[in-house]
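Take a look at the letters that make up each chain.
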Amino acid sequence: MPSAIIIDDSPIMRGQLRKLLVGAGFSVVAEAGAGDSVLGLYEQHRPDLVTLDIVMPGRDGAAAAVELLAAHPEATVVMCTSLSSRERIDMCRRAGVKFYLLKPIDPEYAVAVFRRAVDPICVGKLADPADCPPVNAATDEMAR
Amino acid sequence: MNEALGLEVVYGFLEAAVRYLRTTVGLDAVVAAIGEPMFPPQTIAVALDFSGDVHGPVTWVFPRPIALELVRRLMCDPDPSPDTATDGATELANILTGRASEVLETHGFKCEIGVPRVHVGALPGGIAVRMTTADGPIDIVLSMSTTEVVPGAA
Chain A
10 MPSAIIIDDS PIMRGQLRKL LVGAGFSVVA EAGAGDSVLG LYEQHRPDLV
60 TLDIVMPGRD GAAAAVELLA AHPEATVVMC TSLSSRERID MCRRAGVKFY
110 LLKPIDPEYA VAVFRRAVDP ICVGKLADPA DCPPVNAATD EMAR
Chain B
11 MNEALGLEVV YGFLEAAVRY LRTTVGLDAV VAAIGEPMFP PQTIAVALDF
61 SGDVHGPVTW VFPRPIALEL VRRLMCDPDP SPDTATDGAT ELANILTGRA
111 SEVLETHGFK CEIGVPRVHV GALPGGIAVR MTTADGPIDI VLSMSTTEVV
161 PGAA
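Residue numbers (our numbering), protein chains in the order written: chain A, 10 to 153; chain B, 11 to 164.
Same shape as in the complex, but just chain A (with noise of 0.2 Å):
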């Protein structure tokens, strides 16, 4: 069973999140509610597909995201966020995430795209989009 972290600051986020992560076949093995969290929690429990929120009190997200991702390429990150600029989409491409949710998150997407991170065909492929479309707009705009 693949495992997963959540790191959202709203305990109703985090509760769908969680929902959301155990109907895809997730186990969820921590939570938490700030950035300054991602990197102990990534390497305490090594888990197969990180949740991110962006705004979030500490270190936001997106930073979050590239200490991660520098430190640990292997990692699989979803960003579920609000956020859509494409200043903060790019930042986070170029750090290396491959997905990013727009809340209000479409539950059918989200089960979807947690399955596709960790499916063994697609990760790493999704630089050439053909061999692993995308689900939804902001995933798209992160294959580009």
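Read the hints as simulated data drawn from the structure, not as lab findings. A portion of the hints provided could be inaccurate.
[What the hints assert, rightly or not] Some chain B residues near chain A, calculated using beta-carbon distances under 7 Å: (1) 33; (2) 65; (3) 105; (4) 123.
[What the hints assert, rightly or not] Which chain A residues stay away from chain B? Per the calculated CB distances, all over 10 Å, these: (5) 20; (6) 22; (7) 37; (8) 50; (9) 55; (10) 57; (11) 75; (12) 76; (13) 81; (14) 96; (15) 105; (16) 111; (17) 113; (18) 121.
Glycine included, each C-beta is placed from N, C-alpha and C at the ideal position.
The hints should help you fit chain B onto chain A, whose structure is shown.
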């Protein structure tokens, strides 16, 4: 030099808020009044601070039923605890502000959004907008101003 947000930006922000209220909590909202800030009882006020080209807070005032509707939808819980209303209001304000801020970027403003915080006390000054919905009115106070004039900004 600080300048008030242009009307085109304000209306764009409000249109986005209406759109995402529908997709987030299934509510059809109509702008009913623009005037002095109000703070009705049995509501929760949440503020988020912009920084950058646009700075200052936007404050959302939600009736508790709307805040709880978000919890109901996100948690798939038909009867959420009233204690979760503040979390619902906070996240709803976060989603609406984040998505509506797309309009600011469209108009050439680069800005960051701070962490949502519960607002206590009198509402700040600014452009106050009341939206009516089936679950009660939503009040929005746009207290932001722009730091510099950006080409294309109204």
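For each hint, the structure was consulted:
1. The closest approach between the C-beta of residue 33 of chain B and any C-beta of chain A is roughly 6 Å, which is under the 7 Å cut-off, so the hint is satisfied.
2. Annotation: residue 65 of chain B was flagged as interfacial toward chain A, and the flag is violated, the nearest CB pair being 16 Å apart, outside 7 Å.
3. Checking residue 105 of chain B against chain A: minimum C-beta separation of about 5 Å stays under 7 Å; hint holds.
4. Here the hint on residue 123 of chain B is kept, as its CB sits about 6 Å from the closest CB of chain A, short of 7 Å.
5. Non-interface status of residue 20 of chain A relative to chain B is broken: a Cβ of that chain comes within 10 Å, the nearest being about 5 Å off.
6. The beta carbon of residue 22 of chain A sits about 6 Å from the closest Cβ of chain B, which is not more than 10 Å, so the claim that it is off the interface is violated.
7. Annotated as non-interface, residue 37 of chain A keeps its C-beta farther than 10 Å from every C-beta of chain B; the closest such distance is 15 Å.
8. Chain B leaves residue 50 of chain A outside its interface by the beta-carbon criterion, the shortest separation being 20 Å against a cut-off of 10 Å.
9. For residue 55 of chain A, the condition that its CB be more than 10 Å from all CB atoms of chain B holds, with the nearest at approximately 28 Å.
10. Consistency note on residue 57 of chain A: stated as away from chain B, and its beta-carbon is indeed over 10 Å from all of that chain's, at 23 Å minimum.
11. At roughly 16 Å, the least C-beta separation between residue 75 of chain A and chain B is larger than 10 Å, which holds for a residue marked as non-interface.
12. Distance to chain B confirms residue 76 of chain A as a non-interface residue, since its nearest Cβ pair spans about 18 Å, more than 10 Å.
13. Chain B leaves residue 81 of chain A outside its interface by the beta-carbon criterion, the shortest separation being 26 Å against a cut-off of 10 Å.
14. Annotated as non-interface, residue 96 of chain A brings its C-beta within 10 Å of a C-beta of chain B; the closest such distance is 7 Å.
15. Even its closest Cβ contact with chain B, about 22 Å, leaves residue 105 of chain A beyond 10 Å, as expected for a residue assigned away from the interface.
16. Interface exclusion of residue 111 of chain A from chain B breaks down, the closest Cβ pair being 8 Å apart, not more than 10 Å.
17. The beta carbon of residue 113 of chain A is not kept farther than 10 Å from every beta carbon of chain B, the shortest such distance being approximately 4 Å.
18. Its beta-carbon lying about 18 Å from the closest one in chain B, residue 121 of chain A satisfies the requirement of being farther than 10 Å from that chain.
Comparing the model with each numbered hint stated earlier shows that hints 2, 5, 6, 14, 16, 17 do not hold.
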